[in-house]
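2 protein chains.
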Amino acid sequence: MKFIKTPVKGMLDMLPSDMRLREHVFSMIKKSYGAYGFMQIETPIVEHIENLTSKQGGDNEKLIFKVMKRGADLQRAIDKGAGEYADNGLRYDLTVPLARYYANNKEHLPTPFKALQMGNVYRADNPQKGRFRQFTQCDIDILGDGSSLAEIELITATAAMLTEIFAEIGITDFTIHLNDRQMLSAVALSAGFKEEEIGSVLISLDKFDKIGLDGIEAELLEGGYDPEVVGRYLSVYRAVEEGVTIEAFCRDISRDVLSEKVIANLSDILECVRPMLAPGVKIVFDPTLVRGMGYYTGPIFEITMDDYNFSIAGGGRYDKMIGKFSGQDVAASGFSIGFERIITILKDHMQGSYKLKNATAFLIDKRVSTARKTEVIARAMELRKEGAVATVLPMAKNVGNQIKLLENEGYDKFEKIYE
Amino acid sequence: MKFIKTPVKGMLDMLPSDMRLREHVFSMIKKSYGAYGFMQIETPIVEHIENLTSKQGGDNEKLIFKVMKRGADLQRAIDKGAGEYADNGLRYDLTVPLARYYANNKEHLPTPFKALQMGNVYRADNPQKGRFRQFTQCDIDILGDGSSLAEIELITATAAMLTEIFAEIGITDFTIHLNDRQMLSAVALSAGFKEEEIGSVLISLDKFDKIGLDGIEAELLEGGYDPEVVGRYLSVYRAVEEGVTIEAFCRDISRDVLSEKVIANLSDILECVRPMLAPGVKIVFDPTLVRGMGYYTGPIFEITMDDYNFSIAGGGRYDKMIGKFSGQDVAASGFSIGFERIITILKDHMQGSYKLKNATAFLIDKRVSTARKTEVIARAMELRKEGAVATVLPMAKNVGNQIKLLENEGYDKFEKIYE
Numbered sequence: 001m002k003f004i005k006t007p008v009k010g011m012l013d014m015l016p017s018d019m020r021l022r023e024h025v026f027s028m029i030k031k032s033y034g035a036y037g038f039m040q041i042e043t044p045i046v047e048h049i050e051n052l053t054s055k056q057g058g059d060n061e062k063l064i065f066k067v068m069k070r071g072a073d074l075q076r077a078i079d080k081g082a083g084e085y086a087d088n089g090l091r092y093d094l095t096v097p098l099a100r101y102y103a104n105n106k107e108h109l110p111t112p113f114k115a116l117q118m119g120n121v122y123r124a125d126n127p128q129k130g131r132f133r134q135f136t137q138c139d140i141d142i143l144g145d146g147s148s149l150a151e152i153e154l155i156t157a158t159a160a161m162l163t164e165i166f167a168e169i170g171i172t173d174f175t176i177h178l179n180d181r182q183m184l185s186a187v188a189l190s191a192g193f194k195e196e197e198i199g200s201v202l203i204s205l206d207k208f209d210k211i212g213l214d215g216i217e218a219e220l221l222e223g224g225y226d227p228e229v230v231g232r233y234l235s236v237y238r239a240v241e242e243g244v245t246i247e248a249f250c251r252d253i254s255r256d257v258l259s260e261k262v263i264a265n266l267s268d269i270l271e272c273v274r275p276m277l278a279p280g281v282k283i284v285f286d287p288t289l290v291r292g293m294g295y296y297t298g299p300i301f302e303i304t305m306d307d308y309n310f311s312i313a314g315g316g317r318y319d320k321m322i323g324k325f326s327g328q329d330v331a332a333s334g335f336s337i338g339f340e341r342i343i344t345i346l347k348d349h350m351q352g353s354y355k356l357k358n359a360t361a362f363l364i365d366k367r368v369s370t371a372r373k374t375e376v377i378a379r380a381m382e383l384r385k386e387g388a389v390a391t392v393l394p395m396a397k398n399v400g401n402q403i404k405l406l407e408n409e410g411y412d413k414f415e416k417i418y419e
Numbered sequence: 420m421k422f423i424k425t426p427v428k429g430m431l432d433m434l435p436s437d438m439r440l441r442e443h444v445f446s447m448i449k450k451s452y453g454a455y456g457f458m459q460i461e462t463p464i465v466e467h468i469e470n471l472t473s474k475q476g477g478d479n480e481k482l483i484f485k486v487m488k489r490g491a492d493l494q495r496a497i498d499k500g501a502g503e504y505a506d507n508g509l510r511y512d513l514t515v516p517l518a519r520y521y522a523n524n525k526e527h528l529p530t531p532f533k534a535l536q537m538g539n540v541y542r543a544d545n546p547q548k549g550r551f552r553q554f555t556q557c558d559i560d561i562l563g564d565g566s567s568l569a570e571i572e573l574i575t576a577t578a579a580m581l582t583e584i585f586a587e588i589g590i591t592d593f594t595i596h597l598n599d600r601q602m603l604s605a606v607a608l609s610a611g612f613k614e615e616e617i618g619s620v621l622i623s624l625d626k627f628d629k630i631g632l633d634g635i636e637a638e639l640l641e642g643g644y645d646p647e648v649v650g651r652y653l654s655v656y657r658a659v660e661e662g663v664t665i666e667a668f669c670r671d672i673s674r675d676v677l678s679e680k681v682i683a684n685l686s687d688i689l690e691c692v693r694p695m696l697a698p699g700v701k702i703v704f705d706p707t708l709v710r711g712m713g714y715y716t717g718p719i720f721e722i723t724m725d726d727y728n729f730s731i732a733g734g735g736r737y738d739k740m741i742g743k744f745s746g747q748d749v750a751a752s753g754f755s756i757g758f759e760r761i762i763t764i765l766k767d768h769m770q771g772s773y774k775l776k777n778a779t780a781f782l783i784d785k786r787v788s789t790a791r792k793t794e795v796i797a798r799a800m801e802l803r804k805e806g807a808v809a810t811v812l813p814m815a816k817n818v819g820n821q822i823k824l825l826e827n828e829g830y831d832k833f834e835k836i837y838e
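If you read the sequences in order, they're chains A and B. Each residue of the first sequence is one higher than the one before, starting from 1 at the first, in this note's numbering. Each residue of the second sequence is one higher than the one before, starting from 420 at the first, in this note's numbering.
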């Protein structure tokens, strides 16, 4: 019999120290978002293959782990030759299941509904450093609120949560970037791009951090776009100065392609969020912020930390997505927190594992009598009642190594019982 | 495009009230076992198909959700015709992954290692009331401890945990049943059964609660066993009186088939555990306790509650199982807690959902100015800092229904902001 002791490729076994850190972060996230009225929900990890392959998931749909049909269904598929062998798949994100969940349970839920999801998702990606085939996502979403209040709550709650978590390692500075999909479209239309070109233009603009405006210009020209349009388009972004206000940025954009409502909505978010932030946290209007996913329809936002070259959280409004699933449009805005990234940053700064505190190990020699053992166990019970960790273990032959491994986990008091 | 809004068959969407209850129980379990030095670990939900089909999982192996190969591997399997399409599967329990985990990570872990696992398992069972295809298991295991200390810690910790959880609904009485696989074998051998008949004799004895000793007798005779042997065998159990001691029960069993060590070990467990139990909790020697799984090798135990006809937790020693996987024997004893059963019992007694406490909803009319909104949001922030739940929502057209649904979740204070 072949027994494989390593986990499945790209998936991890979690050691006790990993779990202590993860559980600590989980509980801070739950507490923080819970105070804002986000309610935890859960969907099954297994989802209908039909829902996973509906073209809403972008490239992630290529990475689905498919779950095979069983019994007679499977036999039928095999007999058919070119049949479909899978009826289910593992979810690749938390957004598709949320859309299904909301369609299924809407009448039992408050409106608007503020959801918190924390759970594993699966992608048959090529494993590489920091990229896994099973990893934890943490999403908050507000469904049924078309107003700026949704973004205000999403952003203030997430800023408060991150402030609290990172305070533990002395990081207090991060930046919230805010933009709007409709603003991005308006700039492109205003420069002379056509509606159907916006998608690919934004794919180029999204590379701003990597290739700069000159790189974007080269790419657009290579793509065959009119040099004059490209020039007009990029001149808008070239003129942007740090700390540009929404009003200043929009001054020259035709109101034919950009409604005052979009501008007012974005200003409203900035004005309401700004006074709620802890010192060190900034919110800025960032006209070059794009966010990859095509399904965003309104405000988009991202949080970056100065010392890391990745965003720690990102999201936006996606008013049309749930309707594409369920046939009924639902206003929706969500923020996805890079849980695994938070863990990476905390580990970087903590120099080692997250340890037990106030933990006693009683190590009992095998000659010890039942009566004496009962005494020791009773003492361990007392310590537990006082809130300490206590364990009663048989003394190992190599007691030095036993103690060393217990110390690694954080045990700091040892009592050896020989008789 | 076909969109399916119900979850996959046999799996559940968790509503906020479900999650509040589950999270509450999770956190009590973690805290309770944590104090005893059980360390939380996690394995991937996806496991190698080879490990899942190794014959250690009994009937559960028939119920595996298989995960399909991908890319070139899948194509090869299809081209072969009768190829194996799956390379992975979803775990059907937490014990097989634990055996793999321990083989993989042993050198980083303390010895003995006290593990706590809480996670979902998957079985393509026929869904029926209270039986699901995705459900949560909660296991504690002690690996590398061959002494009675393992059982003492497993049982006292679990009794303490259940005492604490059920105290909330006023249930204080439950019974811990203790027996030993070697004792069960000894009785059968002593009566004249052959070694290889023990397995099937115990399958009959396991039905004691359902069909009684007469039913077992009928079944064994039907099975073709010697009436004299069957008579001798059952006379031992017929003579058992309530509260029988281990010593009294073993008096007439030949020491050729039952070593004094087994008796002493079992007595030791009883003596050490008994004084640690809360009032209302009993531990009894139960000579008819069998526990289904064939892999048990020593003490077995189960916890029952008087008002329910199922056990709430069960476990035992399985010293040979990990070795069958990894080739190296590891002493092991574990307790599996019926998490979903605990949830069922709590729900029965709580008459409704587990609700939010101290929760305020600010309902904001759309005419409200940005400045006024900022004021309200700041007040919500204050409440959150004081430990309350506060949410800021746009007022719905049907505000009465909005309030009703929020009240369902536990919101108890409402403030309507019109201007």
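Derived from the structure by calculation, the hints contain no laboratory data. All of these numbers come straight from a predicted model, not from anything done at the bench. Treat each hint with caution, since some may be false.
[Claimed, not checked] Lysine-lysine pairs mimicking DSS-like chemistry, simulated, CA-CA at most 25 Å apart:
no., chain 1, residue 1, chain 2, residue 2
1, B, LYS525, A, LYS106
2, A, LYS2, B, LYS481
3, A, LYS2, B, LYS823
4, A, LYS80, B, LYS701
5, A, LYS324, B, LYS525
6, B, LYS739, A, LYS397
7, A, LYS347, B, LYS424
8, B, LYS774, A, LYS31
9, B, LYS450, A, LYS413
10, B, LYS525, A, LYS62
11, A, LYS80, B, LYS421
12, B, LYS785, A, LYS106
13, A, LYS347, B, LYS776
14, B, LYS449, A, LYS31
15, A, LYS2, B, LYS743
16, A, LYS320, B, LYS816
17, B, LYS785, A, LYS385
18, A, LYS5, B, LYS774
19, B, LYS785, A, LYS5
20, B, LYS701, A, LYS106
21, A, LYS106, B, LYS804
22, A, LYS31, B, LYS743
23, B, LYS481, A, LYS106
24, B, LYS776, B, LYS832
25, A, LYS282, B, LYS804
26, A, LYS366, B, LYS739
27, B, LYS421, A, LYS106
28, A, LYS397, B, LYS680
29, A, LYS324, B, LYS774
30, A, LYS404, B, LYS421
Comparing the hints with the structure gives:
1. At most 25 Å may separate the alpha-carbon atoms for a hinted pair to count; B/LYS525 and A/LYS106 exceed this at roughly 47 Å.
2. Our distance criterion of 25 Å between C-alpha atoms is met by A/LYS2 and B/LYS481, whose separation comes to about 19 Å.
3. Note on A/LYS2 and B/LYS823: the hinted pairing is violated, with a Cα-Cα distance of about 58 Å set against a maximum of 25 Å.
4. Between A/LYS80 and B/LYS701 the CA atoms are separated by roughly 59 Å; this puts the pair beyond 25 Å, and the hint is violated.
5. Proximity of A/LYS324 to B/LYS525 is assessed by CA-CA distance (about 49 Å); at most 25 Å being required, the pair is judged violated.
6. With a C-alpha separation of about 21 Å, the suggested pairing of B/LYS739 with A/LYS397 holds against the 25 Å cut-off.
7. Distance check on the hinted pair: A/LYS347 and B/LYS424 sit about 39 Å apart at the alpha-carbon level, beyond 25 Å; violated.
8. Of the supplied pair hints, the one linking B/LYS774 and A/LYS31 holds, its CA atoms being roughly 15 Å apart against a limit of 25 Å.
9. For the proposed pair B/LYS450 and A/LYS413, the alpha carbon gap of about 20 Å is at most 25 Å, so the pair holds.
10. At most 25 Å may separate the alpha-carbon atoms for a hinted pair to count; B/LYS525 and A/LYS62 exceed this at roughly 36 Å.
11. With a CA separation close to 22 Å, the supplied pair A/LYS80 and B/LYS421 stays within the 25 Å bound.
12. Of the pairs offered as hints, the one joining B/LYS785 and A/LYS106 holds, with about 23 Å between alpha carbons and a cut-off of 25 Å not exceeded.
13. With a C-alpha separation of about 34 Å, the suggested pair A/LYS347 and B/LYS776 falls outside the 25 Å cut-off, and the hint is violated.
14. For the given pair, B/LYS449 sits about 16 Å from A/LYS31 by alpha-carbon distance, which is consistent with the 25 Å threshold.
15. At roughly 11 Å between alpha-carbon atoms, A/LYS2 and B/LYS743 fall within 25 Å of each other, so this suggested pair holds.
16. Restraint check for A/LYS320 and B/LYS816: satisfied, since their Cα atoms lie roughly 21 Å apart, inside the 25 Å limit.
17. Under the criterion of a C-alpha separation no larger than 25 Å, the hint pairing B/LYS785 with A/LYS385 is inconsistent with the structure, at around 52 Å.
18. Only pairs whose Cα atoms come within 25 Å are accepted, and A/LYS5 paired with B/LYS774 is rejected, the gap being roughly 43 Å.
19. As the CA atoms of B/LYS785 and A/LYS5 are separated by approximately 59 Å, the hinted pair breaks the 25 Å bound.
20. Of the pairs offered as hints, the one joining B/LYS701 and A/LYS106 is violated, with about 46 Å between alpha carbons and a cut-off of 25 Å exceeded.
21. For a cut-off of 25 Å, the pair hint linking A/LYS106 to B/LYS804 is broken: about 30 Å separates their Cα positions.
22. Pair hint A/LYS31 plus B/LYS743 does not hold up; C-alpha atoms about 43 Å apart against a cutoff of 25 Å.
23. Restraint check for B/LYS481 and A/LYS106: not satisfied, since their Cα atoms lie roughly 36 Å apart, outside the 25 Å limit.
24. Proximity of B/LYS776 to B/LYS832 is assessed by CA-CA distance (about 10 Å); at most 25 Å being required, the pair is judged to hold.
25. Our distance criterion of 25 Å between C-alpha atoms is met by A/LYS282 and B/LYS804, whose separation comes to about 20 Å.
26. Under the criterion of a C-alpha separation no larger than 25 Å, the hint pairing A/LYS366 with B/LYS739 is consistent with the structure, at around 22 Å.
27. Taking the CA atoms of B/LYS421 and A/LYS106, the gap is near 19 Å; set against the 25 Å cutoff, the hint holds.
28. For the suggested pair A/LYS397 and B/LYS680, the alpha carbons sit about 21 Å apart, so the restraint of at most 25 Å is met.
29. For the hint linking A/LYS324 to B/LYS774, the alpha-carbon distance of about 33 Å lies beyond 25 Å, and the restraint is violated.
30. For the suggested pair A/LYS404 and B/LYS421, the alpha carbons sit about 58 Å apart, so the restraint of at most 25 Å is broken.
Checked against the numbered hints above, the structure violates hints 1, 3, 4, 5, 7, 10, 13, 17, 18, 19, 20, 21, 22, 23, 29, 30; every other hint is satisfied.
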